[in-house]
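Asks: Listed below, chain by chain, are the residues.
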Amino acid sequence: MVRTSPLLRLVLRTVVVGYLVLLVAWPVSLVATHTFDDGFSALSKAFADPEVIHALKLTAVVALSSVAINLVFGVTISLLLVRYEFPGKRLLSALVDVPLSVSPVVVGLALLLVYNPRSGWLGPALADAGVQVIFSTPGMVLATTFVALPLVIREVVPVLEEIGDDQEWAARSLGASSFQTLRRITLPGVKWALVYGVVLALARSLGEYGAVKVVSGNVVGSTQTATLLVDQRYQNFDQPTAYAISFLLAVASVVCIVIVSVLRPKQEA
Amino acid sequence: MSQATSALPREDAGRAVREHRPARSVNALGRGSALALGTSLIWFSLLVLIPLAAVVVQATTGGWSGFWHTLTNPQTLSALKLTVGESLLVTALNVVMGTTIAWVLVRDRFPGAAILDVVIDLPFALPTIVAGLVLLLLYGPRSPLGIDVANARPAVFLALAFVTLPFVVRTTQPVLEELDRDVEEAASSLGASSATTFRRVILPSLVPAIAAGAALSFARAISEYGSLVLLSGNRPFKTEVASVRIIGYIEGDNLAAASVIASVLLVVALVVIVVLDLIQRRVSRRG
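Heads up: the protein sequence lines correspond to chains A and B, in order.
The numbering of the first sequence is my numbering, which starts it at 56 and goes up by one.
The numbering of the second sequence is my numbering, which starts it at 7 and goes up by one.
One thing to keep in mind: the hints can contain errors.
To be verified - Taking lysine to any residue pairs in the SDA-like style, the calculated list, with each CA pair at most 25 angstroms apart, reads:
#1 LYS112/A <-> GLN294/A
#2 LYS144/A <-> ILE56/B
#3 LYS144/A <-> ARG287/B
#4 LYS144/A <-> ARG288/B
#5 LYS100/A <-> ASP293/A
#6 LYS244/B <-> GLN290/A
#7 LYS246/A <-> GLY38/B
#8 LYS144/A <-> LEU52/B
#9 LYS144/A <-> VAL280/B
#10 LYS144/A <-> SER46/B
#11 LYS144/A <-> VAL277/B
#12 LYS144/A <-> LEU284/B
#13 LYS246/A <-> ARG176/B
#14 LYS246/A <-> ALA42/B
#15 LYS144/A <-> ALA42/B
#16 LYS244/B <-> ASN260/B
#17 LYS144/A <-> SER290/B
#18 LYS246/A <-> GLN222/A
#19 LYS246/A <-> PHE50/B
#20 LYS144/A <-> VAL281/B
#21 LYS87/B <-> VAL153/A
#22 LYS246/A <-> LEU41/B
#23 LYS144/A <-> VAL62/B
#24 LYS144/A <-> LEU41/B
#25 LYS144/A <-> ALA40/B
#26 LYS144/A <-> SER51/B
#27 LYS244/B <-> GLN287/A
#28 LYS87/B <-> LEU155/A
#29 LYS144/A <-> GLY36/B
#30 LYS144/A <-> LEU47/B
#31 LYS246/A <-> SER39/B
#32 LYS246/A <-> TYR139/A
#33 LYS246/A <-> LEU43/B
#34 LYS144/A <-> LEU276/B
#35 LYS144/A <-> LEU43/B
No lab work stands behind these hints: they were computed from the structure.
Work out the full structure, taking the sequences as your base and the hints as a guide.
Replies: Put into C-alpha cells, the structure is as follows:
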C-alpha cells in the first residue's frame with residue numbers, strides 16, 4: 056500500500072476529525088446541552104404538554120404504519136425483482152429508487168394533486184366514499200411511506216442476489232409449498248437485511264418533515280407530527296420545547312444508527 | 007466472482023433434471039406471484055407513479071408559455087440559480103472531503119474511528135428540521151463560536167453540506183476497502199512516489215464510486231427543504247431555494263406553478279437515477 060508519511064497521515068486525520076466535529080458532532084451535541092440547560096425542566100414541561108404528547112403519538116402511529124407497509128411491499132417487490140422474470144422488470148427496478156432523489160416537497164405536492172378532496176384525480180371519489188386522505192392521517196402515512204420506500208428494498212435485494220436460489224430449489228424439490236419455502240428458507244436468509252431496512256426506514260419515517268408538512272395541513276393538536284411541532288414551537292419562541300422534542304428525535308436516530316452499525320459486521324462474518 | 011461462475015453450471019444441471027416440467031417453475035410467474043406482482047404494481051402506481059404523473063400533467067396545464075412564464079419569474083429563477091449553484095459547490099466539497107474521510111476511515115484506523123462512523127451516518131437519520139435547528143445552535147445568533155450565518159447565503163451551503171455528508175463517503179469506502187494492495191505495492195516498488203501511486207493507481211478505480219456519490223449528493227442537495235426552514239430564513243432573492251419556492255406556490259394555492267418547479271426537480275432526479283444506473287452497469291461489466 057501507499058506509504059503515506061506520518062505527517063500527512065496526521066494532517067488528514069486532523070482535517071477529517073475537525074470537519075466532522077464542526078459540521079456534525081458539535082452542533083448535534085448542542086441540542087442535548089440546550090435541552091438540559093435547566094436540568095429536566097424542559098423535558099418534563101414538554102411531556103406535560105398535551106400538544107407534544109399528541110404529536111409524539113401521531114408520529115409513532117404514522118411511522119409504524121408506514122414501516123409496516125414498506126416491510127410487506129418491500130419484501131414482495133424485492134423477491135419479484137430478484138427471483139422472477141417479467142416484462143418491465145428493469146424499469147420497475149429503476150423506478151423504486153425514485154423516492155430517494157425526489158424532494159420531499161415534490162412528494163407532498165404529488166400526493167396533494169391526486170388525493171385532495173376538491174380537485175384531486177382520486178380525491179373526490181375517495182371523499183364520497185368517506186375516506187379523507189389529505190389533511191389527515193392516511194395522507195401522512197402515504198407521504199412517509201413514499202419517502203422511505205426504497206430503504207427496505209435496497210437492503211434486501213443485494214442479499215437475495217448473493218444467497219442465490221439453490222436452497223429454494225432444494226426445498227421446492229423436496230415438496231415444500233412456495234409459502235413454506237418463503238417462510239422457512241427465504242425470509243430467514245434475509246433476516247438481517249430486513250432488520251437494517253426496517254431500522255433505516257423507521258429513522259427516515261420518524262423524521263420526515265417536508266412531505267408531511269404539505270399533506271397534513273399542520274393542524275395543531277390534530278395533524279401535527281413531532282417534526283412539525285419542532286418548527287412551530289421554535290418559530291413561536293418556545294425554544295425549550297423545540298429543543299426537548301429535537302433531542303428526543305436525535306436520540307431516536309442515533310439509536311437507529313448504532314443498532315445498524317453494531318449488527319452489520321455480524322452478517323459479513 | 008467464483009460464486010457467480012460456479013452458479014451457472016449448477017443451474018443448468020437443475021434445469022436438465024426437470025426437463026419434463028414447464029421450464030423454471032420457481033422463476034416463472036405462478037398464480038400466487040402474479041397476484042403479488044399485480045398488487046405491488048397497483049400499490050406502487052397509487053403511491054408513486056400516478057402522483058408523479060399528476061405533477062407533470064399539472065405543470066403542462068398552462069401550456070409551454072405558462073411553463074416558461076413560471077420558470078422565468080425573477081424570484082423563481084433566482085431560487086433555481088441559487089439551488090443549482092449551491093448544490094454544485096456542495097457536491098464539489100463532498101468529492102474532496104468525502105474521499106478524504108473515506109481514505110482516513112479505511113487506511114488509518116485510530117482509536118475513536120468507530121465513533122466517526124456513527125457521526126457520518128447521523129445526517130442520514132437525523133430529521134432534517136432537527137438538522138437545521140442544531141446548525142442554528144452552533145452557527146446562529148447564539149453561536150458559541152461567534153459565527154452567525156443565520157438567514158444569510160452561507161447558511162444554505164452549510165445546511166446542504168450537512169445533509170449530503172454521507173453520500174461520497176459511503177459509496178467510496180467499500181471500494182477503497184476492496185482495493186488490491188498488491189498493485190499499489192508494485193507501483194511503489196517500481197519507484198512511483200505515493201502521490202503518483204494515488205493519482206495513477208488508486209484514483210482511477212475510485213472514480214466511479216466518487217461519481218456515484220457525487221450524483222447522489224447533488225440530487226439530495228437540489229431537493230433539500232427541511233434543514234433550510236429554520237436556518238436560511240427563506241428570504242426571496244437571497245436564501246430562497248427551489249423547494250421553498252414550491253411550498254410558497256402551494257400555500258398560495260397556485261398548484262400549477264408549484265408543479266412547474268417540481269417537474270424541473272423531478273427531471274433532475276430522473277437524470278441522476280439514469281446516470282447512477284449507467285455507472286453501476288459500467289462498473290459491474292468491468293468486474
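Asks: Now look at each hint and say whether the structure bears it out.
Replies: Each hint, compared with the structure:
no. : hint                  : result
1   : LYS112/A <-> GLN294/A : holds, 21 angstroms
2   : LYS144/A <-> ILE56/B  : holds, 18 angstroms
3   : LYS144/A <-> ARG287/B : holds, 16 angstroms
4   : LYS144/A <-> ARG288/B : holds, 19 angstroms
5   : LYS100/A <-> ASP293/A : holds, 11 angstroms
6   : LYS244/B <-> GLN290/A : holds, 20 angstroms
7   : LYS246/A <-> GLY38/B  : holds, 22 angstroms
8   : LYS144/A <-> LEU52/B  : holds, 18 angstroms
9   : LYS144/A <-> VAL280/B : holds, 15 angstroms
10  : LYS144/A <-> SER46/B  : holds, 13 angstroms
11  : LYS144/A <-> VAL277/B : holds, 19 angstroms
12  : LYS144/A <-> LEU284/B : holds, 16 angstroms
13  : LYS246/A <-> ARG176/B : holds, 23 angstroms
14  : LYS246/A <-> ALA42/B  : holds, 20 angstroms
15  : LYS144/A <-> ALA42/B  : holds, 14 angstroms
16  : LYS244/B <-> ASN260/B : holds, 22 angstroms
17  : LYS144/A <-> SER290/B : holds, 18 angstroms
18  : LYS246/A <-> GLN222/A : holds, 15 angstroms
19  : LYS246/A <-> PHE50/B  : holds, 24 angstroms
20  : LYS144/A <-> VAL281/B : holds, 18 angstroms
21  : LYS87/B <-> VAL153/A  : holds, 23 angstroms
22  : LYS246/A <-> LEU41/B  : holds, 24 angstroms
23  : LYS144/A <-> VAL62/B  : holds, 23 angstroms
24  : LYS144/A <-> LEU41/B  : holds, 16 angstroms
25  : LYS144/A <-> ALA40/B  : holds, 13 angstroms
26  : LYS144/A <-> SER51/B  : holds, 15 angstroms
27  : LYS244/B <-> GLN287/A : holds, 23 angstroms
28  : LYS87/B <-> LEU155/A  : holds, 23 angstroms
29  : LYS144/A <-> GLY36/B  : holds, 16 angstroms
30  : LYS144/A <-> LEU47/B  : holds, 11 angstroms
31  : LYS246/A <-> SER39/B  : holds, 21 angstroms
32  : LYS246/A <-> TYR139/A : holds, 20 angstroms
33  : LYS246/A <-> LEU43/B  : holds, 22 angstroms
34  : LYS144/A <-> LEU276/B : holds, 17 angstroms
35  : LYS144/A <-> LEU43/B  : holds, 11 angstroms
Every hint, counting from the list given before, is met by this structure.
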